[in-house]
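Student: Between the sequences and the hints, there should be enough to build the whole structure, so can you do that?
What follows is each chain in one-letter form.
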Amino acid sequence: MMILKTIMIVEDDKTICEELTQLLETSGYQVVALTKFDHTLEDILASRFDLLLLDINLPKVNGEFLLKEIRKKTNVPIIMLTSRALEADEVLSMSYGADDYITKPYNPTILLLRISNILKRLERSADVLFYDDIKVYQRKGILVKGEETLDLTKNEMIIFSYLLNHRGDIVSRDELMTELWNNEEYINENALTVNISRLRSKLESFGMENTIETRKGQGYKLL
Amino acid sequence: MKFRNYFLDYWIEILLALFGYFIVVMMLFAFKVSNQVTMGVTVLFFGVSFAILLIGYVKRRSFYNKLIYHVEKLDKKYLVLEMLHEPSFYDGKILYQVLYEINKSMNENVKNLEVSMTEFKEYIELWIHEIKLPIASLILMNHNHKNAIDKRYEEQIRRIDDYVNQILYFVRSENAEKDYLIKDTSLKKVINAVAMKNKNDLLEKNIQFIVEVGDEVVLTDSKWLEFIIDQIVSNSIKYTREEVSSIIRISTKDYSNKIDLIIYDNGIGIPAKDIRRVFEKTFTGENGRNTSKSTGMGLYIVKKLCEKLDHKITIESVFGEYTKVILTFSKNDFYKIKD
Numbered sequence: 721m722m723i724l725k726t727i728m729i730v731e732d733d734k735t736i737c738e739e740l741t742q743l744l745e746t747s748g749y750q751v752v753a754l755t756k757f758d759h760t761l762e763d764i765l766a767s768r769f770d771l772l773l774l775d776i777n778l779p780k781v782n783g784e785f786l787l788k789e790i791r792k793k794t795n796v797p798i799i800m801l802t803s804r805a806l807e808a809d810e811v812l813s814m815s816y817g818a819d820d821y822i823t824k825p826y827n828p829t830i831l832l833l834r835i836s837n838i839l840k841r842l843e844r845s846a847d848v849l850f851y852d853d854i855k856v857y858q859r860k861g862i863l864v865k866g867e868e869t870l871d872l873t874k875n876e877m878i879i880f881s882y883l884l885n886h887r888g889d890i891v892s893r894d895e896l897m898t899e900l901w902n903n904e905e906y907i908n909e910n911a912l913t914v915n916i917s918r919l920r921s922k923l924e925s926f927g928m929e930n931t932i933e934t935r936k937g938q939g940y941k942l943l
Numbered sequence: 007m008k009f010r011n012y013f014l015d016y017w018i019e020i021l022l023a024l025f026g027y028f029i030v031v032m033m034l035f036a037f038k039v040s041n042q043v044t045m046g047v048t049v050l051f052f053g054v055s056f057a058i059l060l061i062g063y064v065k066r067r068s069f070y071n072k073l074i075y076h077v078e079k080l081d082k083k084y085l086v087l088e089m090l091h092e093p094s095f096y097d098g099k100i101l102y103q104v105l106y107e108i109n110k111s112m113n114e115n116v117k118n119l120e121v122s123m124t125e126f127k128e129y130i131e132l133w134i135h136e137i138k139l140p141i142a143s144l145i146l147m148n149h150n151h152k153n154a155i156d157k158r159y160e161e162q163i164r165r166i167d168d169y170v171n172q173i174l175y176f177v178r179s180e181n182a183e184k185d186y187l188i189k190d191t192s193l194k195k196v197i198n199a200v201a202m203k204n205k206n207d208l209l210e211k212n213i214q215f216i217v218e219v220g221d222e223v224v225l226t227d228s229k230w231l232e233f234i235i236d237q238i239v240s241n242s243i244k245y246t247r248e249e250v251s252s253i254i255r256i257s258t259k260d261y262s263n264k265i266d267l268i269i270y271d272n273g274i275g276i277p278a279k280d281i282r283r284v285f286e287k288t289f290t291g292e293n294g295r296n297t298s299k300s301t302g303m304g305l306y307i308v309k310k311l312c313e314k315l316d317h318k319i320t321i322e323s324v325f326g327e328y329t330k331v332i333l334t335f336s337k338n339d340f341y342k343i344k345d
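As they're listed, the protein sequences go chains A and B.
Using the working numbering, you'd call the opening residue of the first sequence number 721 and step up by one each time.
Using the working numbering, you'd call the opening residue of the second sequence number 7 and step up by one each time.
In case anyone wonders, no lab produced these hints; they're calculated from the structure.
Since we're looking at a predicted model, the values are computed, not measured.
Accuracy of the hints is not assured; some may be wrong.
BS3-like mimics (lysine-lysine), calculated; alpha carbons at most 25 Å apart, straight line [as the list claims (entries may be wrong)]:
#1 B:Lys211 / B:Lys259
#2 B:Lys157 / A:Lys941
#3 B:Lys195 / A:Lys860
#4 A:Lys941 / B:Lys152
#5 B:Lys211 / A:Lys840
#6 B:Lys314 / B:Lys83
#7 A:Lys874 / B:Lys244
#8 B:Lys157 / A:Lys936
#9 B:Lys194 / A:Lys860
#10 B:Lys189 / A:Lys788
#11 A:Lys874 / B:Lys195
#12 B:Lys152 / A:Lys725
#13 A:Lys936 / B:Lys211
#14 A:Lys734 / B:Lys152
#15 A:Lys936 / B:Lys189
#16 A:Lys840 / B:Lys309
#17 B:Lys279 / B:Lys337
Beyond 12 Å from chain B on every Cβ pair, some chain A residues (computed) [what the hints assert, rightly or not]:
#18 Gly748
#19 Leu761
#20 Asp763
#21 Lys788
#22 Thr794
#23 Asn795
#24 Ile799
#25 Ile838
#26 Gln858
#27 Glu867
#28 Asn885
#29 Gly888
#30 Asn930
To spell it out: a stretch of chain A is covered by chain B in this simulated footprint if at least three of its residues, at any positions, have a beta carbon under 8 Å from a beta carbon of chain B; those stretches are [as the list claims (entries may be wrong)]:
#31 737-744
#32 802-816
#33 823-837
#34 874-883
#35 893-903
C-beta: ideal position from N, C-alpha, C; glycine also.
Tutor: In structure tokens, the structure reads:
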């Protein structure tokens, strides 16, 4: 059983906070949400979490100020949330040490992607992943089993790593598509189907038969 | 200021003086004064009269000529009073004082308008940030209850968000304040943000999205540029042709002193008679009239933002074949912010 990552939400709009909580919980995170904003800084520093989602417009205190204060104490990843789409705000936040900056209304899939990317970057294990006894080198685009290696194209590797990171879960086509587009691979629905079937036959030739399961109307699942 | 006109302007005074002169001359004749005295009086009279006129003219000429000159040369004509000294003659003093008062009252008026404009703008910005909260909530709710909620809701929420963004950038483009920050920006990154935003539409309409952009970096405000490219790409998505498989291709061309970003689509194109007017406010043209969603504001705002950022935007098109929008970024270190 994997240890759940904890994400802290500091957002004063109740509905957004609730919906964010639900979104993150269904995506497999533990969520701590701040509900009172009287001692925001103290409350944040007293909590334990792996990533902080911090709104810029908070009652009584400015998010950028909080960010600066938190950065004095800890290096925990922080994503700033804001409805102000100003370049200056973003530059300021980043210079105060935010890891990312997302403008409302954010696309939930992209938000989740950014969160998982930051957490993955932190683990530093992104270079080599394991699928049972098979080593997956994302950068080189190869799978290694003992002496044998299997070359994957960039798209196939993006799909395979995403499935691997969500092993056992059903991954929708939309999620795969978002991941591919996020990596500047602007492919269409047909190309995705082709890529997946090519990935399947490559894996099969590598002795990994029926590893990717199709769930009709839902998506794919790596066994 | 011409002496002739000035002279003619004093015709009543001159007539009166001449009348007086004749009376004096008559009286001189009546008293049988010698001709020499009459000549002397005549010369004296005309000499003094002319001198009076001339002095008045010279005094006024230097003031009025300056006034006319500065009004012609200044591009902010209302500042003309700053360029002049108060004149020494009485009517000029009155004029100067009156101009000063008018100017002051105008300044106050403009100031009031400015304040109320700024207040209005600030309120609009605030309002936009507020409206974004319920929009964000709706999008999250939609996502959290994907199976229960009709997919068309998502599209409608996105449309609301697009319109809200349009007014946000309209307000920003209209304002004299600097709401932007120019720094090195990766074109690839901005295009990726636009692609992610339009992903669903592009996939749904099965439009091939081709990006042939390397690691070019341009000096711009990335948020503004994202809005600009988003408007152009949205248009390309809106105006596709049914007979062909649709393509949107974004590429760059690197010159020694500038970079061109070319956004090409093989959509319905723009009729030749409309193309010169596409950047005009509320201009919808033939294409816009055929799709009810057009407000004619998108490209107008784009043009204004480009002007503020000092990017050139040109559009070329063949009706029924393609549209090509070219954004030109100059390579200029002038604006660069050194970290």
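Student: Evaluate each hint against the coordinates.
Tutor: The hints, checked one at a time:
Restraint check: the Cα-Cα separation between B:Lys211 and B:Lys259 comes to about 28 Å, which exceeds 25 Å; the hinted pair is violated. The hinted pair formed by B:Lys157 and A:Lys941 meets the criterion: a straight-line CA distance of about 24 Å does not exceed 25 Å. Taking the CA atoms of B:Lys195 and A:Lys860, the gap is about 23 Å. The hint holds against a cut of 25 Å. Proposed proximity of A:Lys941 and B:Lys152 is supported: the alpha carbons are some 19 Å apart, at most 25 Å.
For the proposed pair B:Lys211 and A:Lys840, the alpha carbon gap of about 34 Å is over 25 Å, so the pair is violated. A C-alpha spacing of about 24 Å is found between B:Lys314 and B:Lys83, which places the hinted pair at or below 25 Å, so the restraint holds. Restraint check for A:Lys874 and B:Lys244: the C-alpha separation of about 31 Å exceeds 25 Å, so the hint is violated. Of the pairs offered as hints, the one joining B:Lys157 and A:Lys936 holds, with about 18 Å between alpha carbons and a cut-off of 25 Å not exceeded.
About 22 Å separates the Cα atoms of B:Lys194 and A:Lys860, which keeps this hinted pair within 25 Å; it holds. At roughly 23 Å between alpha-carbon atoms, B:Lys189 and A:Lys788 fall within 25 Å of each other, so this suggested pair holds. Distance hint between A:Lys874 and B:Lys195 is fulfilled; the C-alpha atoms sit about 19 Å from each other, no more than 25 Å. As the CA atoms of B:Lys152 and A:Lys725 are separated by approximately 24 Å, the hinted pair is consistent with the 25 Å bound.
Distance hint between A:Lys936 and B:Lys211 is fulfilled; the C-alpha atoms sit about 22 Å from each other, no more than 25 Å. Among the hinted pairs, A:Lys734 with B:Lys152 is consistent with the structure: their alpha-carbon atoms are about 21 Å apart, no more than 25 Å. Taking the CA atoms of A:Lys936 and B:Lys189, the gap is about 47 Å. The hint is violated against a cut of 25 Å. This hinted pair does not check out: A:Lys840 and B:Lys309 have alpha carbons roughly 41 Å apart, beyond 25 Å.
With a CA separation close to 33 Å, the supplied pair B:Lys279 and B:Lys337 exceeds the 25 Å bound. With 12 Å as the threshold on Cβ separation, the claim that A:Gly748 sits away from chain B holds: the shortest Cβ distance comes to roughly 14 Å. Consistency note on A:Leu761: stated as away from chain B, and its beta-carbon is indeed over 12 Å from all of that chain's, at 23 Å minimum. Separation of A:Asp763 from chain B is adequate, the least Cβ-Cβ distance of about 22 Å exceeding the 12 Å criterion.
With a least CB separation of 18 Å from chain B, A:Lys788 remains clear of the 12 Å interface cut-off, as annotated. Every C-beta of chain B lies more than 12 Å from that of A:Thr794, the closest at about 24 Å, which supports listing it as non-interface. The claim that A:Asn795 is not at the interface with chain B holds, since no C-beta of that chain comes within 12 Å of its own (minimum 21 Å). With 12 Å as the threshold on Cβ separation, the claim that A:Ile799 sits away from chain B holds: the shortest Cβ distance comes to roughly 14 Å.
For A:Ile838, the shortest C-beta to C-beta distance to chain B comes to about 17 Å, beyond the 12 Å cut-off, and the non-interface label holds. A cut-off of 12 Å between C-beta atoms confirms that A:Gln858 is not in contact with chain B; the least separation is 19 Å. With a cut of 12 Å on Cβ distances, A:Glu867 stays outside the contact zone with chain B, its closest approach being about 37 Å. No Cβ of chain B approaches the Cβ of A:Asn885 within 12 Å, the least distance being about 19 Å, so the stated non-interface status holds.
A:Gly888, annotated as away from the interface, keeps every beta carbon of chain B farther than 12 Å; the closest lies near 20 Å. No Cβ of chain B comes within 12 Å of the Cβ of A:Asn930; the nearest lies about 28 Å off, and the non-interface call holds. Coverage of a stretch by a chain is defined here by at least three residues with a beta carbon nearer than 8 Å to that chain's beta carbons; for the segment 737-744 of chain A and chain B the count is 4, and the condition holds. With a threshold of 8 Å between beta carbons, the proposed coverage of the segment 802-816 of chain A by chain B holds, since 8 of its residues qualify and at least three are required.
With a cut-off of 8 Å between beta carbons, the segment 823-837 of chain A has 7 residues touching chain B; three or more are needed, and the interface restraint holds. For a cut-off of 8 Å, the count of residues in the segment 874-883 of chain A with a CB near a CB of chain B stands at 0, and the three-residue condition is violated. Coverage of the segment 893-903 of chain A by chain B holds [criterion: at least 3 residues with CB-CB distance below 8 Å; count 4].
In this structure, the earlier hints numbered 1, 5, 7, 15, 16, 17, 34 are contradicted, and the remaining ones agree with it.
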